[in-house]
Amino acid sequence: MLVSNDFPDLLLPDHVLVKTIHVALNPADWKNLGSDKTVPGTLGGCDFSGIIEEVGPAVIKKFAKGDKAASMPMGLYTVAQGLYQGILQMALPTEPVKNAVPVLIYGGSSATGGVGYSVCKANFSYVKELGADVVFDSHEEGVGKKIREYTNDNLHLVYDTISIPETAAVCADALASKPGGKYMATQFPQMERKDVESSAAVVYTMTNEEFRVGEFSFPPKPGDIEYGIRFGDIAEKLIAEGKIKAHRVLTNEDGGFAAINICNARIFRYKLT
Numbered sequence: 001m002l003v004s005n006d007f008p009d010l011l012l013p014d015h016v017l018v019k020t021i022h023v024a025l026n027p028a029d030w031k032n033l034g035s036d037k038t039v040p041g042t043l044g045g046c047d048f049s050g051i052i053e054e055v056g057p058a059v060i061k062k063f064a065k066g067d068k069a070a071s072m073p074m075g076l077y078t079v080a081q082g083l084y085q086g087i088l089q090m091a092l093p094t095e096p097v098k099n100a101v102p103v104l105i106y107g108g109s110s111a112t113g114g115v116g117y118s119v120c121k122a123n124f125s126y127v128k129e130l131g132a133d134v135v136f137d138s139h140e141e142g143v144g145k146k147i148r149e150y151t152n153d154n155l156h157l158v159y160d161t162i163s164i165p166e167t168a169a170v171c172a173d174a175l176a177s178k179p180g181g182k183y184m185a186t187q188f189p190q191m192e193r194k195d196v197e198s199s200a201a202v203v204y205t206m207t208n209e210e211f212r213v214g215e216f217s218f219p220p221k222p223g224d225i226e227y228g229i230r231f232g233d234i235a236e237k238l239i240a241e242g243k244i245k246a247h248r249v250l251t252n253e254d255g256g257f258a259a260i261n262i263c264n265a266r267i268f269r270y271k272l273t
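Letter by letter, the sequence shown follows residues 1 to 273 in the UniProt record's numbering.
Keep in mind that the hints were calculated from the coordinates and are not lab data. If a hint is listed, it holds; no wrong ones were tucked in.
Derived pair list, reagent style SDA-like, types lysine to any residue, alpha-carbon separation capped at 25 Å:
{"#": "1", "residue 1": "Lys37", "residue 2": "Pro219"}
{"#": "2", "residue 1": "Lys31", "residue 2": "Glu192"}
{"#": "3", "residue 1": "Lys31", "residue 2": "Ile260"}
{"#": "4", "residue 1": "Lys194", "residue 2": "Thr167"}
{"#": "5", "residue 1": "Lys237", "residue 2": "Asp133"}
{"#": "6", "residue 1": "Lys243", "residue 2": "Val23"}
{"#": "7", "residue 1": "Lys237", "residue 2": "Val103"}
{"#": "8", "residue 1": "Lys19", "residue 2": "Gly41"}
Quick list of the computed label-pair ranges, beta carbon to beta carbon:
{"#": "9", "residue 1": "Ile52", "residue 2": "Phe216", "range": "31 to 41 Å"}
{"#": "10", "residue 1": "Glu149", "residue 2": "Lys19", "range": "46 to 56 Å"}
{"#": "11", "residue 1": "Glu95", "residue 2": "Glu215", "range": "37 to 47 Å"}
{"#": "12", "residue 1": "Val249", "residue 2": "Glu95", "range": "27 to 37 Å"}
{"#": "13", "residue 1": "Val59", "residue 2": "Glu215", "range": "32 to 42 Å"}
{"#": "14", "residue 1": "Lys237", "residue 2": "Val59", "range": "16 to 26 Å"}
{"#": "15", "residue 1": "Asp173", "residue 2": "Val249", "range": "32 to 42 Å"}
{"#": "16", "residue 1": "Ala91", "residue 2": "Phe257", "range": "42 to 52 Å"}
Built from N, CA and C at the ideal position, the CB exists for glycine as well.
From just these sequences and the hints, can you work out the full model?
Pasting the structure below:
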């Protein structure tokens, strides 16, 4: 781990500079650290809270030095892409639902899955608290076929917040046997069914900055940042109304920089979501 004591500059006029007080870890962090596709020198971590030190002149919202600030980017904006902006095209939380259809969110106890359930509507009671109508155990044999049976072979929308070959296989079994299903992933699609439309979105495209994964370079996508700004306004209101719940927190009592590596190893070892 590289520790730098240099005070950072406010790089862009539409940014705010936050003094980090707490950080949160999720599986994306250890996956990026352990991936051979991560470019050397990449800064890790996405979720944090702290105190605003400086506000750029182009910032529209009324932030001020000394304000408390917290981020929920991995959950909120990943869900914005997965459920609304991408191929699933579900009605936004602020819009009336014209046709109620079932949607499977794989990984309901994960941070992203939890936010997904909140805005739509390995812990059953926790996921149901977040708004799920029914919960299935992903470790149960034949769970995909049981989901298909429960939905009367009429499930056409799936959002896979884990997105590995094993979860994609379950989703393939859960989707309706007829062609026309849609599978949205948080990593590049693993879906083997050719009669299912598959897509994925990488939340970093909403930063409006170029990023690299291995040999691939991803340029800024202005449409994504614009969508993110719109969804941020919606999410802000839903959070204030208590309709979006943050992922429950497991606090590391030791704290400090050393705890980051310890907790990343713990998340990997116990496959925490």
